[in-house]
Amino acid sequence: MIDLISIALTSIFISNILLANFLGMCSFLECAKNIKTAMGLGLAVTFVLTMTAPLNWLIHNFLLSDGALIWLNMGDINLDFLKFMTFIAVIAAFVQVVEMALEKFSPSLYAALGIFLPLITVNCAILGVSLFFVEKEYDLLQTFVFGLSSGIGWLLAILGLAAITQKLKYSNVPKGLRGLGITFITTGLMSMAFMCFAGISLTNK
Amino acid sequence: MVDVNKSGYTLIFATISCVICSVLLSGASVSLKDLQDKNKKIDKQRNVLMAANLATAETSAEEISTWFSKDDSGYSDIKTVIIDTETGTINDSISLEAYTKKPKKFPESSIVYECLRKGNECFILPITGVGLWGKLYGFLALKPDGDNVLGISFYKHQETPGLGAEITEDWFKSQFSGKKLLQTAGDFDSFRGVVVKKGIKVIDLPEKDQAYSVDGISGATITSVGVTGITTKYIKEKFIPYFKNKNK
Amino acid sequence: MSFAKSEKGKILIQPLVASNPIMVQTLGICSALAVTVQLKPAIVMSICLTVVTTCSNVIMSLIRNLIPGKIRIITYMIVISTLVALADQILQAYVFSVSKQLSVFVGLIITNCIVMGRAEAFATINTPYKSLVDGIGNGLGYSAVLIAVACVRELLGSGKLLGQQVIPDFVYILTGYTDNGMMLLAPGAFFIIGIFIWISNSLYKGEK
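Residue numbers (the working numbering), protein chains in the order written: chain A, 1 to 205; chain B, 1001 to 1248; chain C, 2001 to 2208.
Treat each hint with caution, since some may be false.
Cross-link-like lysine-lysine pairs, in silico, BS3-like; alpha carbons within 25 Å at most [to be verified]:
id, chain 1, residue 1, chain 2, residue 2
1, B, K1033, B, K1118
2, B, K1104, C, K2040
3, B, K1101, C, K2100
4, B, K1198, A, K136
5, C, K2008, B, K1173
6, B, K1044, C, K2008
7, B, K1156, C, K2010
8, C, K2040, B, K1040
Covered stretches of chain B (in silico footprint by chain C; criterion: 3 or more residues with CB under 8 Å from a CB of chain C, positions within the stretch not fixed) [to be verified]:
id, stretch
9, 1013-1022
10, 1038-1050
Read the hints as simulated data drawn from the structure, not as lab findings.
No residue lacks a Cβ here, since even glycine has one placed at the ideal position from N, Cα and C.
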């Protein structure tokens, strides 16, 4: 249990998927202008992450990794090289399903998110989380918690940036820095702030 | 011209693209597999040797494989055995292949590498610990008396460059050569281990403690604590029974 | 400079500064921040991305009239992920140590907006030769920023370049200069790119 909490805290604060691991920057920079859009996008990303991470884990563990096909008596086969294609295919398919569901059940949210919904597919964070759990050798429950908390971490970061950007509208930013430049510097400062969480650990050493 | 929007065409296009991509990828993977496996094996063997200062990052792959290759009589400079960590005895029932594939299946076992080359006799032990951002993986090289440390190396970690990642730098690793684990030589119940000291330099410690301490990394307290955990608790639990049996 | 003014020349040179993929188009940021801690992985990553973008552009352009409308995006993904998986296999076979350093970020080239972005915006509506040039141009623009950032980060953060100590020892001892550890961490990357954008915007504000 404690290792799950540890994973959650680490992914949200200490090793934030965006501020420390740099994943999910592209849509982050585009949408962080408006708190409502940021919230909507953040929740959508969190949902996709929480669902696709365990899904990809199942596929990786039972189909792709070295010796995974042992339940079909083909334990010698290693399909690890297919993981890029399979993961991204699962993510793309899932996002498509979410898009269709949103269009049917909540047209207003669908309209608000607009172009950003298909962009979730190419959000580095989603593929990144799937690739990370392979590297860190998490089990199913840990992967689920990892996906969920990475999403929450991303949501926190994008909300923070959106809020700061809105306040910055009233500041006198130098001409060359306006727009993208100041966004980066702000993100850098946020990243420094999150670094102060480093060193928190719940496990007994 | 073909109507690119017809469903039938879409299906054919999708199928053909999948087939082409799969053939390309599988072909590349199969033909490069031997090279990749060899790279991984040499990389692991290099890390084992680096702990005992028998190889460096620049040592050639051929030289590294000579240490591990078996000659006609079955002798190899580096002998790999699997031990039972609780009883401290060699476990013949687990094959090396099975263990390497899924080490998590055998929590009470560990690999031990024994260097048999004259003049370099030592034991190289796989070690794991907990760092700041993730697990630390490395090797510790001990003299056959189970007391004198020859060296340490870390091959996998997620620590911060310039801070915790300094554990892979020469200045940190070289400190471990010559340190001791036992308070009284030959008495394994007097195990002390090596502590990574923060806040005080080793040269300022009383002389009797200097052989059991190394300087820590400034700004990397958690990582230093993690390394101490390895060189005290982990070594004691996993390997001291084996050395105790060996040196009876 | 008639090449530069010619159409092909413009396609090649524009992405270097005027419409630089990272600084102007805001694409491909993730990897720019992550692999620039040292110069060597940055160079390998740049080469990988340039090769993947160029190949993907050429392939997309060649099949641009054959792609069914309904599965356009999926086709992009299939081509790009196959290329990236191939690149990853080759890296693991021939430069294993660097592939370990790059770890997941080679896989993340798939989601690197530059590759997909150029495929969608350029390759599907232009001839293969132009797409080839465009791929190389964007790859070079990306590489330029990556290498510049990596140089600054490695130099200021550890006094080294390509693993070799560049700042001599006497500078540390005589002036009390110490390496700026922040450069090796996340915030340092953000600040450096922010400053680069500031410089680039101030110098080239006319040409967008």
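Now for the hints, and whether the structure bears them out:
no., hint, result
1, B:K1033 / B:K1118, "35 Å, violated"
2, B:K1104 / C:K2040, "34 Å, violated"
3, B:K1101 / C:K2100, "19 Å, holds"
4, B:K1198 / A:K136, "29 Å, violated"
5, C:K2008 / B:K1173, "54 Å, violated"
6, B:K1044 / C:K2008, "48 Å, violated"
7, B:K1156 / C:K2010, "46 Å, violated"
8, C:K2040 / B:K1040, "20 Å, holds"
9, 1013-1022, "holds (count 5)"
10, 1038-1050, "holds (count 3)"
Of the hints listed earlier, those the structure fails to meet are numbers 1, 2, 4, 5, 6 and 7, in rising order.
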